Every structure is written in C-alpha cells, then in structure tokens.
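Student: Heads up: the protein sequence lines correspond to chains D, G and E, in order. Note that the working numbering numbers the first sequence so that position 63 is 63, with each residue one more than the last. Going from the second sequence to the working numbering is simple: count from 1 and add 1000. Going from the third sequence to the working numbering is simple: count from 1 and add 2000.
One or more of the hints may lead you astray.
To give an idea of the chain E side of the interface with chain G (calculated C-beta under 10 angstroms), a few residues [to be verified]:
{"hint": "1", "residue": "ARG2045"}
{"hint": "2", "residue": "GLY2069"}
{"hint": "3", "residue": "THR2076"}
{"hint": "4", "residue": "PRO2196"}
{"hint": "5", "residue": "LYS2409"}
{"hint": "6", "residue": "SER2410"}
Source of the hints: derived by calculation from the structure; they are not laboratory data. Being a predicted model, the structure only gives us computed values, none of them experimental. Even glycine gets a Cβ: it sits at the ideal position worked out from N, Cα and C.
Listed here are the chains, written in short residue letters.
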Amino acid sequence: MVEIAAVAIDAGTLSTREVNAFIRSRLQGGAAEICVENPNARHNLAVALLQPGRVRFMGSVGYYCGGLMDGAEILVEGSAGWGLAESMMQGNVVVHGGAGNGAAAAIRGGTVVIHGDAAARLGVSMKGGLVLVGGDCGYMAGFMGQKGTMVVCGNTGAAFADSMYATTCYVGGTIGNLGTDAVVEPLAPEEAEMLDRLLAEHLPPALRAHKPAGREFKKVVAGRKLWNFDKHNWKTWQDAL
Amino acid sequence: MCGILGYFRKDAGTDSQLGATMLSMLQALGRRGPDSAGVALVGSGHRASYIVRVQAGDELEMSAQAIEANREAIRGFARALNGSSDLSSSGVYVRFVLTGEVDLPALTQAVEGIGEGIEVLSIGHAMELSKEVGTPHQLEGKHHISAFAGTHGIGHTRLCTESIVDLSHSQPFWGRGAADVAIVHNGHITNYHQLRRKYEQRGVRFMTENDSEVLAVYLAESLNRGETLRQGLDGVLRGMDGAFCCLAVTATEMGFVKDPYAFKPLVVAETDDFVAVATEEIAIRSALPGDYKVSEAQVEEVRVWSR
Amino acid sequence: MNDPTPDSTRPVLQTSGTYSPDVMQGIHTKAETGIYEIRGYGTLRQRRWATFDDLTFLPCGLTRIPLEGYREKCSTKTVLGGRFAKRPLELEIPIMITGMSWGALSYNAKAALAKAAAKVGTSNTTGDGGLSPAEREFAKDYVYEVLPSRYGIDVHDLRGASAIELTIGQGAKPGTGGLLLGSKVSETIAHQRDLPVGVDQRSPARHPDMLGPDDMVIKIEELREATDGQVPIFVKLGASRTYDDVKLAAKCGADVVVVDGMEGGTGASPAILQEHTGIPTLAAVCEARAALEDCGLYGEVQLIIAGGIRDGVDAAKAMALGADAVYIGTAALISLNCNKPLYVEDYRALGTEPYHCHHCHTGRCPVGITTQDPELMKRLDIEEGAERALNLLRAMTLEIQMLARACGKSDVHHLEPEDMAALTMEASIICGVPLAGTRKVFGR
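This is chain D alone, in the form it adopts within the complex (with noise of 0.2 angstroms):
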C-alpha cells in the first residue's frame, strides 16, 4: 500500500464534528501523518479513532481528546484537558504539556505518555495499559485502579493509589500521602531496569536526563485490606467507605 504522507488541516475554522471526519476519512485512506493546526483547546478532538495513523496536534487540546480509541497514535504538542484517552482500547498518546483531570480514566490498554504535570485521579479506574507521567500528578491519582501500570517521575498529591485492585505504580519523587489500603513495596532489580526502559522508551532524552534512575522509584500497590469485606479491618473500611 502506497502511504500517503502527511496531511494538514486548519482546525481554526472547522467545527469539531468537521475536524473529526477529516481525520478519520484521512486514517482510513491510508495517511500516515495528519497534522491539526489550531485546535484551540476544543474538546472532543479525535475522538473514537479505530484506524491506526497518526495525529498531531499543533497546540492544546481540551476534553477527552482520544477518548474511546482503538489502535491510533496521538500527538499533542500543547497540554490536554480532562479525561485524556479515557477508555482507549490500544494506542499512543503523547502530551508535552500537561493534562487536566482524569487522564488516561479506564484505559484497557495502550500506552499515555504525559511529559508535563498531570492533574487529580490520573489514570482512575485504569484497566490495563500504562500511563508515564514526567513530571508531578494530583490528588487522588491510581484510584480504584484495577490493571496496568503507572509510573510517575515526579511527586504525587495526596490519597496516592487509593482503594486500588492489582494496577502498580511506581514514584520517582516524594509521595503525597498514600490513600487507602496503599502500601509501598520493595522494588525489584527487574523492575528497575524496566523503569529505565521505559524512561528511555517514551520520554525523549532531554527530559529524561532530569529524571530519577529506574532504581530510584518507589513501588505502591494494593494492600488487598479492601479485596473483601472484612470485619477485622474496620479501621481501613471506616476510611475507605
């Protein structure tokens, strides 16, 4: 298949639902590249891509940008607003700014790379995947978490890895302070070369000379008091519900 090479649109002018369709019929025609110029922070930007390409954003994006994708790539050369690839099925998503609330919300795979700060409840309700965040997150972030793993180079917030199922994380910085029924872990020799590689992997070298060494993180899981109803836990239920 001949691929087309890059395509560019001003997003400036167009309504969403305009912006969407270009990009989607363009993904489907074979482009490799759509470059969006404009989008203004606009919500709702590249929503529901199910064909792989890529696309990049000239600027920020607002609301749930790639939410519910499957198998795209996505740029964002500014910041996101809440919700980043909330329930993507597969795919890349690569912010250089920061992003707002939510980011990376119920992902089932994939891979949300942010390179700035993440807001509150990053990666909330996660259920596979993996989110990276260069610099700090929020409140809450890893909440209910359920699959996946995240890693954050800088610090957290508060009520860190709250309430989770079985996702890991990983903290290059300080923690905030741990949510319920968080517990820190010792980490694994594999685990810090892991670390490393995906530093190496998804942040580009500039940035990832600032960060933390793989062996550096620290390692929060479930402590699995909140698995089962339990009635010898009362305090951590008290907390938790």
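Keeping the supplied structure of chain D fixed, place chains G and E upon it in accordance with the hints.
Tutor: This is chains G and E only, laid out in the frame that chain D set:
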C-alpha cells in the same frame, strides 16, 4: 355532545337566504343541544378589509355595568383605530370593520387588553362568528342570523359534557390568529390535554377548557403555514385521537373530517346548487326542500368544497 | 402488635413497633460483623407512601367513547430520542428491559431476556460490566450503559448500540456505586471487568472523567462524536433531587432522561441505601415531568421511568403521568422464576423461603438467575426463560392497551393525567389529579 351543520352555496353571488336557512337547520337540531347555539357565516366580504367581532363580556359571569363599561371602551378603541368604520353594537357584542394591513394577533391582543372579560370572537375578510347561551331562537333574537346574506357557513348546538356552560365554551371556535377560519366539532378529543400542553409550551394561548378548541388552534396554525384546508383536515385526522366530526370554513371553502371510528354521525346532501352537511338528516330536510339524496359520511373521510 | 390467638397456657405476645423482629435481627447481625447489611432486591419495607396504587383510571362513560377492548387499534409503537439522534430508537412496545449487569445476573438470565426483548421488538440494557456475550449473540437492540465504573468499556460495543445510557445513578442506591460480592466475581466475570478473581467489587460513585453537569455537556458530545451522532444519548438518574437533575440533564443535551425511583431493584447494595435513599417512583415521575415542562422540553426530550414497575397498570399510570416508556428489571427476573417455589430446600439453605427471597447478593440463587455458579445456572433454561419473559412483556402490553382503550385512546401514548383520579389526598397533591369524589385537586 352536539349537533353540527354546514351549508355551502355553489352558485355565484351571495344568497340572501343563507342565514335564514341555517337558522332553520339549527332549530331542527336544537333538541340535541339546548345549552348553546352558534354560527360562523361567510358573507361577501372584501379582501381589503376585516370584520372584527368582539364580545364585551359574559352575562353569566359579569355584572351589566362591567359589560357596559367594556363595550363603551371597545367602541372608543374602535373609533380611534385608523381605517375603522361600520361600528355597531348589540347586547354584549361590538362589531367594526378595519381597512388596511392588520396584524391579527396584535389586534386581538390589543382589543382583549382593553378590559377584563373581553374576547375577540372572530376576525375575517368575510367570516362572522356569533354564539349565544341558550337556544337557536335566543341566538336569532340577539344576532338576527336570518338577515345574513352570504355564501356558506357552519353552525352548532351544544349539549354540555365535561366543560362548563358559558359563552366562551360555546361553538363555533374561531381559529385565532388566522383570518376567516372557524370550526364546529361534535365528539371528544381524547388527547386534548397532551396537545394543549404542547401548544402552550410554544406560547399559544387557549381561551377555554373545551377540547374542541384545539381543533381551531391546529387549523389556524396549519392555514397560517400556507397549507390548504384539505391538508389541515388531513392533519386533524392524523393528530387527534377520540371521536371527532369536525366542520370548518375559510373565506372560500367548507370542509369536514370524520374520525376513524364512526362514533359521531354526519350526513351529506349535495345538489348542483348547494351542499348541506349535518349531524341529522332532519336538519337538512326541514330547511331545504327538494328531491335529493342524503348519505352518511365514511370513516376517515375528508371532503372540501371550494368557491 | 398482639398475638392474635392467645390461650390460657401462653401469655399474649407483644411485638414492638420500634424494635420489631427484623430490626432486632439487624442489630444482632451488626454486632457480629461490624458492618452494615448488604443484600439484594430493593426497598423491602411496607409502602406507606404514595404509589401508583393510589391512582385509578377514569374510563369513558357518557362524556367520552371507549374503544372496543379486543378489536380496535391501540398503537404501542414507541420512538425515543428524536431530539438530536439521526436514528431514534424505535420500539414495538413502551416497555424495555433495564440495565442489570452480567455478573449480577447469570449468562442464561441475560440470554433469556435478550431473546425475549428481541422477539417482542424492544431493547435490552447492558448494565454495570459492559456488553455480555449473551447480549452480543441474542440482543437485537441494546442500550449501552456508560457507568462510573466503566467495567468492560469497549468503544466497538458502544458503537454497536442502539442507544447510549450515561448513568449518573440508580434508583435503589442513588449517589453510590455498584457492588458485586466475591462469590460472583468468577473467572469469566473477573476477566470481563479486568478485576482479580473473588474480590468484593465496589464500583465508584462518580464517573472518572466528569464531575458535574458542566462536564456532562462535553461528555454527551463526546459520546455523540463517538457514534457519529447516530444514536440517542440517555442520561439515567437515580431519583433524588429529581426536578433539578432532570432539568439539568435535559439542558445538558440528553435525548432521553431515565428516572429510576426508590423502589428500583439491585443485585447487591447496603440495605439502608435501598430503604432510605431516593424518592418514590410516583413522586419521581411527577417531578420529572414538571421539570421538562418548566424548561419547555416536554415532548422533545423523552422520559423513561423505572423503579418497581410491576405490571401494565403501573406502566400505564407512569405513562399517563408523563413517561414515554418504562424500564422493568425485577419484574422481568420474577418472570424468569425468581421466587418461584422450585428447589425450595435451596431457598431454606439461604435462610429464606420462596416469595420472600432477596438473596441475590449471595450468588446462590436457587433458580439460576443471580448466580455465577454453572450448576445453579443450569436451572434456568434459556429458551424457557425467554418464553416466560416474552409472555410477561406481551401480557403487560395488553394490560396497557386495555386501559388506554377504555379511556378512548387509539394510542397508548395518548394517556394523560386527566385520565386518572387519585384515591388519596397525597396522590392528588403529588400528581395534580382530582381526588375521587371531590373533583378537586388538592395542595396545588
């Protein structure tokens, strides 16, 4: 429930006996509905002017002084209007003619704003609506129907069912906001409240609690949208539920629609000279001599006659 | 309360109305477990508030003409979501199956309901856990629920739906999340929901990516984008501050608002939430309708009512008060033999009896409906179950038609509040219909 009737002359020019004929028909039907009687008659009219009929108040609800005060105020208002003429009043009614461009809703609102209890009964180039509590005889006494010369008209006698006996609940109903449109209805619209709420949500004002009114509202909107009377009556068939035999007039037409269940009677007589439609054959026979056949209208039938 | 048959050998027993036996049992249980009671089913306490039973229909007499009950046309076709959707949901009847999760329900139960709905021409709703294999195979029209948990969320399943239901809350337990106890989080369910096997799964109370009506406007647009604007977006509310919530949902762009009242069912939830949160379904439908009228959207935004709809009468009354359709849940399960006196010894093993069982949360359903145990599930034959549920849907539809015809309507959607009278003052005040015998509406 009610008796309804319609009479349509096919010949050119006006019939000096139109009113008298319709009065006879009304009287024959009168025993079906002793509570009120009314007609909407279409005369020769003038495209350039409007006949406005106003009720100054309801004698059953207001004092004679209040009605008198309203009537004088309406007369004063009419006199002061640009292009008004032919001002007359009788009993609780005021009638005047207005020449020129008229915004019907605005005029209606202005007249009704003059005083409490005032209602515009009809506005039309040629159509005039009269209705009265009581028998056709009492209608004649107050309005001299028998003297009306015209081309076609509809009439109604009422037996009150679910709403109250007062003047504004009597029929015909003018299609408010549209010129020359009136309806009479025999039956009960069973989705009236639902339809009324939808109209009110859009700002349409209802004057009574009588379900027949929704037919007038519907047709007025339909005709104002540019639809024909036939299209309007087809719409009635689709949108209304329950029992309905509905007769309607415009400046040049008369038509009827019959519901899908044959709940209410309607007989039709047609000759080369006229069309007569009524709830009972006796209404036609007693008013119109001649050797003609009368037949029952069919379910879901819509018919319109034009001049 | 007194024992009604005292004799000379026994004293008369007096039972406290305050500390009744079930209250005492509740305290005993808390003393043993240190936690609140969790169970299934919904509101169990006796209904002393205004319900649909406090209304009666006023069929035609002399002032109106009835339609012949068995002969004349009475249309039941129902169209939902014409406000914005390119493809509104068209149903043959105004009764739909509400969201009940695969997890709470067995595969066989979901399959039976999907088949019945498909056959009669109505829809199924997925529930907390995503699209089940049973629905994938047997459902014709499914409503895809987007809940706070997002268990099983899959854009492809979402795009295959006939409507999307954005769930804010549920009638049995508004303001809180779902619950599925460990015995029902089997390998299959755990895999579907991306959870460890055997956890006592708690769903979040809030959506992960939206936290208020201002976000919801954008979220609804996202769902429209994801489905090319084709299908209606429902917003489902547990009936709490219904008037305000319905207005907001309508203004935020919902095509259809679903209001689920206090008497609604659940597979597992804290008992106090089921008993003491939310407002009754009768009150909720009246508030919902008033809200839509007050913002001028009644008729443009459709209303689905749920929460203890037991038969065609409840449905007809809900519709007369303003619903365009009703959801059934518990009634549908009862049609599948819930609480039928079969396998009676298994009811007793749970500490209950047929007609009294609300033990869905245990996963030991004696008739195979609310269980993940394959042996128990076998007791619910899919074909038989589908036929029973289909019969219920048909019978309910006939009931609605019968009432509508008696009131002179050729379309069940023409039922109006004016077709009813109230049997109690409260119902008159709440519903704005006259109190029978007085021709007056009280309290307005």
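Student: For every hint, state whether the structure bears it out.
Tutor: For each hint, the structure was consulted:
1. Checking E:ARG2045 against chain G by beta carbon gives a least distance of about 35 angstroms; that is not within 10 angstroms, so the hint is violated.
2. A distance limit of 10 angstroms between C-beta atoms decides the matter here; for E:GLY2069 the minimum to chain G is near 14 angstroms, and the interface restraint is violated.
3. Interface restraint check for E:THR2076: the shortest CB-CB distance to chain G comes to about 14 angstroms, outside 10 angstroms, so the restraint is violated.
4. Interface restraint check for E:PRO2196: the shortest CB-CB distance to chain G comes to about 52 angstroms, outside 10 angstroms, so the restraint is violated.
5. With a least beta-carbon distance of about 5 angstroms to chain G, the hint placing E:LYS2409 at the interface is held under the 10 angstroms criterion.
6. At about 5 angstroms, the closest approach between the beta carbon of E:SER2410 and any beta carbon in chain G falls short of 10 angstroms, and the interface hint on this residue holds.
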